[in-house]
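Peer 1: So the chains spell out like this:
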Amino acid sequence: MKYLPLAAGFCAIASSAIAETPVLTVYTYDSFVSDWGPGPAVEAAFEETCGCDLKFVGAGDGAALLARVRLEGEHTKADVVLGLDTNLTETARETGLFAPHGVSVELDLPVAWGDDLFLPYDWGYFAFVYKRDELTEVPRNFKELATSDLKIVIQDPRSSTPGLGLLMWVKAAYGDEAPAIWDSLADNIVTVTKGWSESYGMFLEGEADMVLSYTTSPIYHLIAEEDAGKEAAAFDEGHYLQIEVAGKIATTDQPELADQFMAFMVSDKFQTIIPTTNWMMPAKMPKAGLPRGFEVLVVPQISLTTEPDQVVETRNKALEEWLNALSK
Amino acid sequence: MAERAFKIIPIIGAGAGATLLLLALILGPLGALFWRAEGVAALGAADWAAVRFTVLQATLSAAISVVLAVPVARALARRQFFGRGALITLLGAPFILPVMVAVMGLLAVFGRGGAISAMLGWLGLPPVHIYGLHGVVLAHVFFNLPLATRLILQGWLAIPSERFRLVASLNITGRDVGRILERPMLRDVLPGAFMVVFLICLTSFAVALALGGGPKATTVELAIYQAFRFDFDLGRAALLAMVQFGMGAAAAAVMLWVAVPTMMGAGLGRTVERLDAPNAWWDGLLLCVMSLFLVAPLAMIIVDGLPNLFSLPASVYSAAGRSLSVALLSMTTAVILALTIALMVVRLKRGALLVESIGYLVLAASPLVVGAGLFIVLFPVADPVALALPITALVNAMMSLPFALRTLVPAVRDIEASFGRLADSLQMTGWVRLRLVLWPRLRRPLGFSAGLAAALSMGDLGVIALFSDPDSATLPLQMYRLMATYRMDQAAGAAVLLLGLSLSLFWIFDRGGRADADL
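Which chain is which? The protein sequence lines are P and U, in order.
Here the first sequence stands for residues 1 to 328, numbered as in the working numbering.
Here the second sequence stands for residues 1 to 519, numbered as in the working numbering.
Take these hints with a grain of salt, some might be off.
List of simulated lysine-lysine pairs, DSSO-like, C-alpha gap at most 30 Å [claimed, not checked]:
(1) P:Lys269 - P:Lys55
(2) P:Lys284 - P:Lys77
(3) P:Lys131 - U:Lys216
(4) P:Lys328 - U:Lys216
Hints in this document: simulated from the structure, not taken from any laboratory.
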């Protein structure tokens, strides 16, 4: 028994040694933490000033991330969860796991933002992307797309964030008319894939004329590959807006660091990293503006959204309609 | 008798331990999900539609793969030609490719923008329409025809060469060889091969959806994914996983019941020299067509990725190193587990079939449910993220166990039947018996099992996607990350690296196993 105090003492010393550099754990989606995402640059920039160790943990995509946090519940090791979007915030709010972010900042979003739990860090519009030299008549809305012979490849709403975005887009634009739109789109859809990468890869290989992606996709090809050949089709019924947010975990053992990170997230340093790593629009415009290349971005006339408290209901109804229309 | 029982107990004990571990890995996660679920789960009409589609596509895929594999395996078994060894190694390639890479390769040949459509275009014909049930089956046959061929080929090679000499000396030819030697062997081997392919197709999701052309092609695994990720209904996810399991169990029960073990008797393990073997042109044509079917998509993948192979970011190479160690760990675990279970199965008087089926049923386990369930179990006691790599290795080992069992159990059974009594009478036990009796005859199936386990683990994304930590990415994960950030060209390069490493691992062990054999 005499070893017990010794062991206890050792543990105390060991844990105090660890405590010297506090660790802030941020859960996010996988592409954020990858070497080609914003993760590495954000980590370096935050660690310059925080006197801490910023640890990113990746978990699939946004929806998988939320599932992960719900699995862990209030014992979660996360201090901050970054990477939920406006289709997930209501469900996330209902878990009761998140605390108010307490940041007041003037954001540059296409819509007003008044959520006290979740703070946006970037945003973008879903869009159909095509190859400029292969498409002469570009559809200007879903109806023109449906009557054309164009082939599109989309993602499954049950397994993919943009896939769900498209469902919400059609629903927000057409409401009760949505099933008819899906009926008429059915013969244009080459196939539905599990995730965005598969669709986009298939589009690049020539399997389809258009792919469901983001308005920013052509900008990636322009800036990173110096290829001006991709373009996003502007739809006159408007485009569905995706806002990506982060939230602070209520039970965090690093509340100050978490607050510090939330404030850092809308700072110039973080926001400058976003456009050319996450290929989304910064939630707070950096002082230097957007990088060269972004000036050709397609800016929709109408931003479509769904009221947060309507999301789950709309989503389930839209999924049912979609399954019915495409399973015929 | 007492002495014999004494020798057997440790083997049974080890085998039972391995089986229990396996059961725990399958059932533990299911139980964990049910435990965490809120409310009572029920399945809806859409779920049952998914069940029907899953059974349909898996049955078709398995039947076609196995039926095509029989003549191919026979051709390979009775022909000697330049490049035969290379062809047999290459046969393993589609099966060990990450699924999305293989799909891209298939589409480059059969897709709307693929090679065949381009040729049809020159003739003024419309492009191939690959999307639909036939597309799903085509992809699954592409993946599994080689595996089925290998499994059946093992059966052919297990017929002692003395039997072929005997039929030749008795002037038995053609159809009668089939009746006397080959058909009994097929009766033994085919049900198992069918079952393994069926079980693999049972959990297919991304491939079925992408080539199925839409939500009509919803499989049970996708329904599980939806329950977990979209609805966060853990109870339904677990229930669906149980249904998937039930389908697998039913298939396994039927197949094990249908299979009739053969009794070929002992041989001296000499090289098979076929003195019969008619229809050389037919075998040649068959092998050409099949090689073209398998090699064309692979060639597309290689052509696409090769230019980027040497300009990959350093992190891709370090991920490759990590994947190699996971693969070797996974391989060792799989071979040890499979060998202990196989040694036990052949000694059990009752329950052998049950134990063997448990080994196969792993394939019907939902990878998502296993991952999420392990996460629930581990989370309160350890950091699952820190354990990501060992867990990935363990789960990968589990997933390759059925293939190892498929090859090891018949081999051990044959050896024990042919040499067991001789070894007993010489009082060879334990290590001596393993080294002198089992090892020389088990080298080939062991090498094949080890190679396959290593290669499968190398190419499988596995559970790491659920537990990922930025610094412990494996090669498949890194490849998916490249794809997710628009870097399709580099991802194609990483795919070639992955293909090369997986095939090398497979070749090294498989070759090592048949160093002195005729293959």
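Peer 1: A separate judgement is required for each hint: does it hold in the structure or not?
Peer 2: Quick rundown of the hints versus the structure:
Simply put, Lys269 (chain P) and Lys55 (chain P) have alpha-carbon atoms about 18 Å apart, close enough for the 30 Å limit, and the pair holds. Taking the CA atoms of Lys284 (chain P) and Lys77 (chain P), the gap is near 28 Å; set against the 30 Å cutoff, the hint holds. Of the supplied pair hints, the one linking Lys131 (chain P) and Lys216 (chain U) holds, its CA atoms being roughly 29 Å apart against a limit of 30 Å. For the hint linking Lys328 (chain P) to Lys216 (chain U), the alpha-carbon distance of about 8 Å falls within 30 Å, and the restraint holds.
Hint check: no violations occur; every hint is consistent with the structure.
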